[in-house]
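Asks: Given next are the chains, with one letter for each unit.
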Amino acid sequence: MYPFSFSKATDERSALAAASSGARYIAGGTTLVDLMRETVERPASVVDINALPYRSIELQPSRLRIGSLVRMSSLAAHPDVRREFPVIVEALELSASAQLRNMASIGGNLMQRPRCLYFRDVSANCNRRTPGAGCAAVNGLNRGHAILAASDQCVATHPSDLAVALVALDAVVTARGGDGERQIPVAQFFRQPGTTPDQEHDLRPGELIVGVDVPTGLEMRRSGYLKVRDRESFEFALTSAAVALHVDAGVIRTARVAVGGVGTVPWRLPAVEQALRGRAPSAGLWSDAAARAADGAKPLQENGFKVELLKRTVERQLQKVAEQQT
Amino acid sequence: MRIGTTLRTSPTLGVVDEPDDQEAGEHSGFRVNRRTFVGASVTVGGAVAVGSLLAGCDDAESGEATEVSKTTLHLRINGEAHELTVDNRTSLLDLLRERVGLTGTKKGCDQGACGACTVLMDDIRVTSCLTLAVMHDGADVVTIEGLATNGRLHPLQQAFIDEDAFQCGYCTPGQILSGVACIKEGHTGSAAEIREWMSGNICRCGAYTNIVTAIAKTSTGA
Numbered sequence: 001m002y003p004f005s006f007s008k009a010t011d012e013r014s015a016l017a018a019a020s021s022g023a024r025y026i027a028g029g030t031t032l033v034d035l036m037r038e039t040v041e042r043p044a045s046v047v048d049i050n051a052l053p054y055r056s057i058e059l060q061p062s063r064l065r066i067g068s069l070v071r072m073s074s075l076a077a078h079p080d081v082r083r084e085f086p087v088i089v090e091a092l093e094l095s096a097s098a099q100l101r102n103m104a105s106i107g108g109n110l111m112q113r114p115r116c117l118y119f120r121d122v123s124a125n126c127n128r129r130t131p132g133a134g135c136a137a138v139n140g141l142n143r144g145h146a147i148l149a150a151s152d153q154c155v156a157t158h159p160s161d162l163a164v165a166l167v168a169l170d171a172v173v174t175a176r177g178g179d180g181e182r183q184i185p186v187a188q189f190f191r192q193p194g195t196t197p198d199q200e201h202d203l204r205p206g207e208l209i210v211g212v213d214v215p216t217g218l219e220m221r222r223s224g225y226l227k228v229r230d231r232e233s234f235e236f237a238l239t240s241a242a243v244a245l246h247v248d249a250g251v252i253r254t255a256r257v258a259v260g261g262v263g264t265v266p267w268r269l270p271a272v273e274q275a276l277r278g279r280a281p282s283a284g285l286w287s288d289a290a291a292r293a294a295d296g297a298k299p300l301q302e303n304g305f306k307v308e309l310l311k312r313t314v315e316r317q318l319q320k321v322a323e324q325q326t
Numbered sequence: 001m002r003i004g005t006t007l008r009t010s011p012t013l014g015v016v017d018e019p020d021d022q023e024a025g026e027h028s029g030f031r032v033n034r035r036t037f038v039g040a041s042v043t044v045g046g047a048v049a050v051g052s053l054l055a056g057c058d059d060a061e062s063g064e065a066t067e068v069s070k071t072t073l074h075l076r077i078n079g080e081a082h083e084l085t086v087d088n089r090t091s092l093l094d095l096l097r098e099r100v101g102l103t104g105t106k107k108g109c110d111q112g113a114c115g116a117c118t119v120l121m122d123d124i125r126v127t128s129c130l131t132l133a134v135m136h137d138g139a140d141v142v143t144i145e146g147l148a149t150n151g152r153l154h155p156l157q158q159a160f161i162d163e164d165a166f167q168c169g170y171c172t173p174g175q176i177l178s179g180v181a182c183i184k185e186g187h188t189g190s191a192a193e194i195r196e197w198m199s200g201n202i203c204r205c206g207a208y209t210n211i212v213t214a215i216a217k218t219s220t221g222a
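Listed in order, the protein sequences are those of chains A and B.
Using the numbering used here, the letters of the first sequence map in sequence onto residues 1 to 326.
Using the numbering used here, the letters of the second sequence map in sequence onto residues 1 to 222.
With the rest of the complex left out, here is chain A (with noise of 0.2 Å):
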């Protein structure tokens, strides 16, 4: 690790000023410590934000209000989330570990960099890291890597669960920066490698999440998230589907799906829920819409898996959470 300096920003001002002459926010750690160790992250200068008041969790009657330095532990436990949400708190507590979950928060989690093994190995190629540099995962050990949404400079999965259920859910995250206070939906915040895959994200330099806005809405309480990997827990997607269904009189009124551990991004499924709308809950309907599922899917050399697995996974959460108790 380099050396940097430190402070700790005791309001928003401060916090912005330093993040304007440099400095990192740091909230919970777990990924910027991490990366610091494995010197992929250099700052020269890393700011605290944890005493900054954006960590209450608010159930108003159009949305729910989430202080982006909640931790995942905390939101996760909320009564209001746990009744309202469970796609959030599924997602949530498929996620790492207990001792991640009550150190990470969620402004952090929505900015944690890729798991690619070469992405943190700095001796390897990475695009990210090194713009130009080239990208070893293409060609090198890819089974766990993205069919989705991936270019020939990146194919590294986006790793949260959480960002996977707020882009079904089509939450907004609230930046302040220099120029005042903006609103990005959560499926333009991230960005898609292209050409220029160390732009991760849509925050300008120096702004900062405040916090995270999710709408309500009937088909909230009839959600879920299924995440399948390799090992049964604290382990990263190979894939995961959130969904959420509002089924009324028989009919799919509202149905909201995204995938993770696929896409560069978290990947939402609009041919799969243009499938669902208007029709009838059968064993029939779950497996023609998710026959969408994988719908523009690029395979590495070994993940070739992904596709089917992908169209498997949405399936099965389809009819679970058709079948929910709400």
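These aren't lab readings, by the way, just hints derived from the structure by calculation.
All of these numbers come straight from a predicted model, not from anything done at the bench.
Below, a sample of chain A positions facing chain B; criterion: calculated Cβ distance under 10 Å: (1) V33; (2) R37; (3) S45; (4) A96; (5) R101; (6) R231; (7) E235.
Which bits of chain A does chain B cover? Going by a derived footprint, with three or more residues having C-beta under 8 Å, they are: (8) 3 to 17; (9) 24 to 30; (10) 46 to 58.
Just so it is clear, CB atoms sit at the ideal spot from N, CA and C, and this is done for glycine as well.
Assemble chain B onto chain A, guided by the hints.
Replies: Leaving out everything else, chain B in the frame of chain A:
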């Protein structure tokens, strides 16, 4: 470039000579204790492993800490107040082991993946390797050395002995601190629930069955 060997007083080890945080690769001129022996062995055995096994050992090119990259902080550790000035790079784990001398908390992966470094911070379980000590000025930390009261083992410590819940013992402090929190959180409703909520603690000896039993019995007072 290197800072010399420092004499420190440790509550558990007595006075020991040991290298500064940045000096673990340098072994001449001080008495060999177990940890410096391990450090020396690793250095000889394989350069690749050095970075992850030696506390606070940094690459030569990363340089030494200047005044601007040091911070003074206050911590309550196992009920005892400490004031320490640390290199900002120091993880809570390295502070506990290298500065305070509490070597009961173990360094396994140093990446948050194994749980050997689990401690209680303000009453919740965290991996001490993945957090910077300077972020926790004023915090209350409990390590394995602080669980027993008046010479009496914590019930979960006793249960680990009674249930034979370890073999080599390296993961055990982390398992026990994590287990204490797991019980307090109420995630002990079934063996499956315990397994899920203890998944952040790896046991390479495979003592999981007995670990689950120890936690289950302690949670019900059985």
